[in-house]
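Participant: On the provided structure of chain A, position chain B as indicated by the hints.
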Amino acid sequence: MFEALLIANRGEIAVRIIRACRELGVRSIAVFSEADRLAPHVLEADEAYPIGAAPAAESYLNADRVLDVAARAKAQAIHPGYGFLSEQAAFARAVTDAGFVFVGPSAETIATMGNKTEARRRMQEVGVRVVPGVTEPAGNPEEAGAMAEDVGYPVLLKAVAGGGGKGMRVVEAPKDLAKSFAAAQREAQAAFGDGTIYLERFLERPRHIEIQLLGDSHGNLVHLGERECSIQRRHQKLVEEAPSSVLTPALRESMAAMALKAARAVGYVGAGTVEFLLEGEDFYFLEMNARLQVEHPVTEMVTGIDLVQWQIRLACGESLDFDQDDVALTGHAIECRITSEDPRRGFLPSTGHISYLELPSGPGVRWDGGIRAGYEIGLHYDPLLGKLIVHAASRADAIRRMARALDELVVTGVDTGVPFHRRLMLEPDFVNGDLSIRFVEEHPQLLDGPADEDLRAAFVAVALLEHDHRQHRQIPRVGDNGANTLSAWQQAGWPWRQE
Amino acid sequence: MRYFVTIRGKTVSVEVGTGEVRVGDETVSVDLAGIRGTDMSTLLMDGTSYRVVARRDGGCWVVDVGGCHEVAEVIDERTAVIREMTGDPGPSNGARTIRAPMPGLVVRVEVDEADRVEPGQGLVIIEAMKMENELRAEASAWVERIHVSRGDAVEKGQLLIDLAPLSDA
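Line by line, the protein sequences give chains A and B.
Taking this note's numbering, the leading residue of the first sequence gets 1, the next gets one more, and so forth.
Taking this note's numbering, the leading residue of the second sequence gets 1001, the next gets one more, and so forth.
I should point out that these hints are in silico values taken from the structure, not numbers from a laboratory.
The structure displayed is predicted, hence computed values, not measured ones.
Positions of the beta carbon are idealized from the N, C-alpha and C atoms, including for glycine.
Possibly wrong hints are sitting among the right ones.
Chain B stretches covered by chain A per the calculated footprint, using a threshold of three residues with CB under 8 Å from any CB of chain A [unchecked claim]: (1) 1003 to 1015; (2) 1097 to 1105; (3) 1109 to 1119; (4) 1140 to 1153; (5) 1156 to 1165.
Okay, chain A solo, but in the shape it has when bound (with noise of 0.2 Å):
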């Protein structure tokens, strides 16, 4: 095992790397930026170096400055996540070169899955199904009114370098595309460095469904079930579930079967995810993800194999000790993610200083999570806070049990998807599975504010605040700095002691 490991990431997934390295007893090695002295990642590492400025280009994204402490603090192996350095195959080259281990698979199988159109020719060679589209980038709105004519509307464009929904755009009419196709490019271009764009076509309600691969160097390649990721707004998840509520054990087969040959056809080493979407019975190759996935709790609380210590251990040489045979799925997963964004504004980011933070507990709920009391979210990193997993016997309890940890989650001081992820637990096209990527805006009303009882509390607590404020501003009183801390009950006798 490597003595040293550096985490070149942020937020809950280095976190989440450094929870692997402690129990594998590897030492962490962090990298943080200015805005980030104070972040849960440095505090966690066992040793923690800064890299630059807080906009990402300068520090997270700087791959010099991070080899160069790799160097210094004698790390043997570095871990990018997900985001920022893990899918640039230029980063993945210079980490070897440099004489350290890439925790993740090789610069060529990352430029073939990065390149989204090169990832679809090379699928298709394979006999890996894709979704009707064309596989030559669109070179400007003309060549791309071109090519929606022959894939036919709607048609969605998606930026070559893309992932997390950055520079996609949903064209339903030839009169819409020019605007969209420039807006693709500008945010392409600012998210990637790389405005290519090309269009495939877009299906009416499909599910979203992914299959988790572990490879080592040895041969050995196996799945570990799917997880759907139907819950979506702008293409980015919000909600992921393991296993989905509508593959049969056949059709599991079939998609699991489709997705290792995938990952053959490249040479797979490492944990991959291949990403479907599936109608009716017919799926369709979406991308291979060569990296770890956000989403990855829900396949570890389903299949009981910690992800991120396996990506360690593959990096290192070793042999998985499990054959496709050893893959069971016990129970059911969901993960909510808690971000900063408010789903009454559409999912606008949210910023300001966490004043309160309450995480839940109790069975079957694990928290995953990059923020602390304390801690100020700004605008340079993605949104995400944390994610809630849960686990319990079957869609339903977990379901059930996702509610109750959400009423136990306080997180204050920034608008977060929390009240979006509790009206979701509650509606009954969700619990009964009838999931589709347009979910969530066929449910207009999940974005709705709070509920007409939590606003009657409101209300009252408020009056009451204002009321106790008036009277601590009239009558300061020594040693007190404001708070109310007695109860009226306490304040007047306890009723009990009234009577």
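Facilitator: Showing chain B alone in chain A's frame:
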């Protein structure tokens, strides 16, 4: 003491007594106790337990309601009477101005001064956290004044565009 609490444009009268309040025309028993060093209080209302997280912010309260952050304005009965007599609608008058909902960068201004805009029409695109967000008109209006231009960095709440109702023009 009677208060008028306004959240999201809805005003409710709450009369605070000892160990009970009158909400609208209903009386409920209440007990509120704060947890020292935090913004957290516990409210028992007719026995039902609520967690309340609230802090005072510039004369208002920012209260967490079921995970939503709401701004609550509280006035007492006397202030309410004065407002009614003078016809002062109070501080909320935001419908005609477009403000930045978060800090970010102006990617594009999609309208010009004196343009007529329709509900849902895009006005300005702001980029934050690498995502573009389009702010749209909520009602038909004239664009009276544009305060920002492409490339400007804006703070949360910064005035971007003044709109004028059609009847004013």
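Participant: For every hint, state whether the structure bears it out.
Facilitator: Consistency of the hints with the structure:
1. 1003 to 1015: Satisfied; 7 residues make the cut.
2. 1097 to 1105: holds (count 4)
3. 1109 to 1119: violated (count 0)
4. 1140 to 1153: violated (count 0)
5. 1156 to 1165: violated (count 1)
Checked against the numbered hints given earlier, this structure breaks hints 3, 4, 5; the rest are met.
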